[in-house]
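Enquirer: Single-letter residue listing:
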Amino acid sequence: MEREDRNVILKVENLDLRFGGVHALIDITVDLREREILAIIGPNGAGKTCLINCVSGFYRAQKGTVIYQGQNITKLPAYKIAQLGLARSFQNLALYTGLSTLDNLMAGRHILMKQNIVAGGIYFRWAHKEEIEHRRRVEEIIDFLEMQPVRKKVVGTLPYGVRKRVELGRALALEPEILLLDEPMAGMNVEEKEDMARFIIDIYELRRIPIILIEHDMGLVMDIADRIYVLDFGRKIAEGVPSEIAVNPQVISAYLGTEEAEFARKKEAA
Amino acid sequence: MEVADTLPKVVRRNYKEHPDKVSVRNKEFGVWREYTWKEYYEAVKYFSLGLMSMGFDQGDKLSVIGDNEPQWFWAEIAAQAIGGVAVGIYVDCVPEEVKYIVNHSESSFVVAKDQEQVDKILEFKEEAPQLKKIIYWDPKGLWFYDEPLVTSFDQVVDLGKKYEELHPGIFEQRVEEGKGDNLAVLCYTSGTTGLPKGVMETHKALLATAASLIARDPWKETDEFLSCLAPAWIGGQVIDISCGILSGAAVNFPEEPETIADDTRELGPSLILYTSRLWESLSATIRAKMEDTGFLKKLGYSLCLPLGYKRADLELEHRSSNRFWKALFWLADAMILEPLRDKVGLSRTRYSYTGGSMLSPDIFRFLKAIGVNLKQAYGASEVPIVTLQQDGDIKFESSGPPLAYDELRISKDNEILLTGPNICKGYYKNPEATKAKIIDGWFHSADAGYIDDDGHLIFLSRVADLMELAGGEKFSPEYIEGQLKFSPYIRDAIVVGGKGRTYVSCLVQIDYDIVGRWAERNHIVYTSFTDLSQKPQVYDLVEKDMARLNRRLPSAARVKKIVLLDKELDPDEAELTRTRKLRRDFVETKYGGMIAAIYGNKEEFRSETAVKYRDGRVGKLITAVKIATME
Chain Y
1102 MEREDRNVIL KVENLDLRFG GVHALIDITV DLREREILAI IGPNGAGKTC LINCVSGFYR
1162 AQKGTVIYQG QNITKLPAYK IAQLGLARSF QNLALYTGLS TLDNLMAGRH ILMKQNIVAG
1222 GIYFRWAHKE EIEHRRRVEE IIDFLEMQPV RKKVVGTLPY GVRKRVELGR ALALEPEILL
1282 LDEPMAGMNV EEKEDMARFI IDIYELRRIP IILIEHDMGL VMDIADRIYV LDFGRKIAEG
1342 VPSEIAVNPQ VISAYLGTEE AEFARKKEAA
Chain E
3 MEVADTLPKV VRRNYKEHPD KVSVRNKEFG VWREYTWKEY YEAVKYFSLG LMSMGFDQGD
63 KLSVIGDNEP QWFWAEIAAQ AIGGVAVGIY VDCVPEEVKY IVNHSESSFV VAKDQEQVDK
123 ILEFKEEAPQ LKKIIYWDPK GLWFYDEPLV TSFDQVVDLG KKYEELHPGI FEQRVEEGKG
183 DNLAVLCYTS GTTGLPKGVM ETHKALLATA ASLIARDPWK ETDEFLSCLA PAWIGGQVID
243 ISCGILSGAA VNFPEEPETI ADDTRELGPS LILYTSRLWE SLSATIRAKM EDTGFLKKLG
303 YSLCLPLGYK RADLELEHRS SNRFWKALFW LADAMILEPL RDKVGLSRTR YSYTGGSMLS
363 PDIFRFLKAI GVNLKQAYGA SEVPIVTLQQ DGDIKFESSG PPLAYDELRI SKDNEILLTG
423 PNICKGYYKN PEATKAKIID GWFHSADAGY IDDDGHLIFL SRVADLMELA GGEKFSPEYI
483 EGQLKFSPYI RDAIVVGGKG RTYVSCLVQI DYDIVGRWAE RNHIVYTSFT DLSQKPQVYD
543 LVEKDMARLN RRLPSAARVK KIVLLDKELD PDEAELTRTR KLRRDFVETK YGGMIAAIYG
603 NKEEFRSETA VKYRDGRVGK LITAVKIATM E
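In order, the protein sequences belong to chains Y and E. The first sequence begins at 1102 in our numbering and counts up one residue at a time. The second sequence begins at 3 in our numbering and counts up one residue at a time.
Misleading hints may appear alongside valid ones.
[What the hints assert, rightly or not] If the Cβ cut is set under 8 Å, some of the chain Y residues that face chain E in the computed set are:
#  : residue
1  : 1161
2  : 1240
3  : 1241
4  : 1242
5  : 1244
6  : 1245
7  : 1249
8  : 1250
9  : 1276
10 : 1278
11 : 1310
Because the hints were derived from the structure by calculation, they are not lab data. Every residue gets a Cβ at the ideal spot worked out from N, C-alpha and C, and that includes glycine.
Produce the complete structure using the sequences and hints provided.
Expert: Written out as structure tokens, the structure reads:
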């Protein structure tokens, strides 16, 4: 199916974000459609994380709207947005370091739990039953992300690459309808990156949910993304399929500097 | 009583005798899932029928590749029930190796655990025209494979159920037709020399070996066994599969290879077979954790461990202890050693076995000291398990006396020759190799060893690695190295000698931590490994300890000259394998100058070593290394 025929799931229109004198996002318009992995790339400080933060309700944009499945969520608080099915992971990790992997994932299911604190505390039969159901789902995620060896290990003691995986697992535990991943592969070695890329593709294949991915590693982005959106200094400089982005002179100059871009152009001409 | 002379018949016997007893237990989604003998039998039956419906017939081969899980065992028994042969492939084989084994064995079906393994086979499907199906049991990542060759384990079972309606009784009939002399398994040897060879094992050989092992160490139906060794290896075939089925004990599968330690703790198995690597990592973990523990526990440990060692030594020397010592041993066990075993999940273990390569003597002694009833065995793919250490008669350098029926002798070249009812049928499609290795019914192992006065087999090394000593007698450098490693100050030792050299010398890598600590206690200032290794006091220390160990060796094998290496041996520089095994030829070439200096009666050698850093740069290290002569 052509992209134009697919439903728009998330639409960001004319988004503007300022911190005092810093203009972090300038007139950003982007949409995410069914069945696609959209990568957002750009140099440091380009505003990638700001964009995700605006979508997930962590920042309030001064102007513009975020529409999710026809509903305006621009002004909604973060927990309500999460309840609507937008799950995210954080670039610098936001896990409960004192809890085990299992408990972190169970915490991720909190918004799906129906029993209140009293029922849970007394552990009524129905609360018990609900807990077992959630545990089953969490165990499936542990199996899916191959985290069995760290199931009961305290997250604070785990290596960085594994914590990133726990973070992804917790986002999945929310049963999301859109996944927003903020640099899931930052700081990883090549092998860990490949594992993570495989997990992202598996999630996408199994659940068919659209994914927004922020990533620095261009090679990986080119491999797994369907579309790429390029930011520089808070502005969009390009948007398109990976093959277009790879040869876009503006993208090259943003990534490699103008001189290099000039050089690349000359080389191509020759 | 009916004769159960094939593995499928033994499974049928178990099913008839105890349909509701647990046969295997597998950890799935964090929960131990139990399968009774009835479920086991039915899984085998319907998978087997499914295979038949797809054209698998008598004599056909079925390859299996994957981690230890029930489906691995079921697939094997299902193929054997039809009269087919199972071929085990190690999970970490690269596609090239998998292709060789699948094609050489002419496997028409491959059972592969997951996406990773299925992909390996799809990579060469054009070059394996005999392939009819690839059957996976873990669907993760395979949901959207559009490949007619690939199907799932459950789909095959469903096919089997339909097939039974059309052909009732055919499975039972096929099982009945099986004979003990039929091929059961092809075990491909790891092939350190040339291409892997498929050793043909019969049902009779597997069951005979299992029966004699159970006769020495009675396994019971109530036992819990933890299975973590690859069934592609003969040890896994005999112990995990054959002994498990024959004794009716429950076989448990760890969740993932990485969770073995946690799963052992959860399960508390009564029987366990670990590789020597796993035993090594277990003892390293215990030692490291005891270093980090609190004052009181550390004190208890440091008081009780020597008692454990004393108990182990007395047992190894077959000496009994008086009441005073017995009381102390009991106390040490109750206070520290038993809780320690409990922490690693070995408190209920009756028999533990080690497989793969030889376990280093100090680790063996340590495990004995904390009260693990560990046993070594000796065997080959061609004649599985020939000797096994016997309760109450254990020496740690020996592999124990032969099992009841096995016949064993030593040729005049020190080679171990084996025969018995469990000898294999030769190598698959390789009569030349069969003829070369099995002569007059004796398998020539190419291993060197001797039988001591008590009838125990002592394994030395490969015959090719034997070294000729000055007196013309042959000895194994590995054996000497193993003995030298009893010194706490020696981390690694490389023994050189052999033809044209009148004495044995040794390159020693000191244990940096232990010697470093010793130096601190004795106020010896040092800056680096290189500096420490060349201190005269360190030379004195190592020489003194080596003199003690030398006395245990035959006089011709005693070390005469030593050099303390000025750098640590490193897998990154190809001196050791990744599993920290010495690469002797390489090291002897690399240190050729040093060895020449030793035998040239020099007192010093200027060593120039190229050091490779992790980022790929190469540096140079120049040191004057001292050559010491032992008194």
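Enquirer: All hints, please: hold or fail.
Expert: Now the hints, each set against the structure:
1. 1161: Since the shortest Cβ distance to chain E is 40 Å, the answer is violated.
2. 1240: 4 Å, holds
3. 1241: 7 Å, holds
4. 1242: Where the cut-off is 8 Å and the nearest Cβ of chain E is about 10 Å from residue 1242/Y, the hint is violated.
5. 1244: Holds, about 6 Å.
6. 1245: Cβ of residue 1245/Y sits 7 Å from chain E, so the hint holds.
7. 1249: Holds, about 5 Å.
8. 1250: Given a least distance of 4 Å, the restraint on residue 1250/Y holds.
9. 1276: 17 Å, violated
10. 1278: 19 Å, violated
11. 1310: Constraint on residue 1310/Y not satisfied, violated at 15 Å.
Violated hints for the displayed structure, listed by number in ascending order: 1, 4, 9, 10 and 11.
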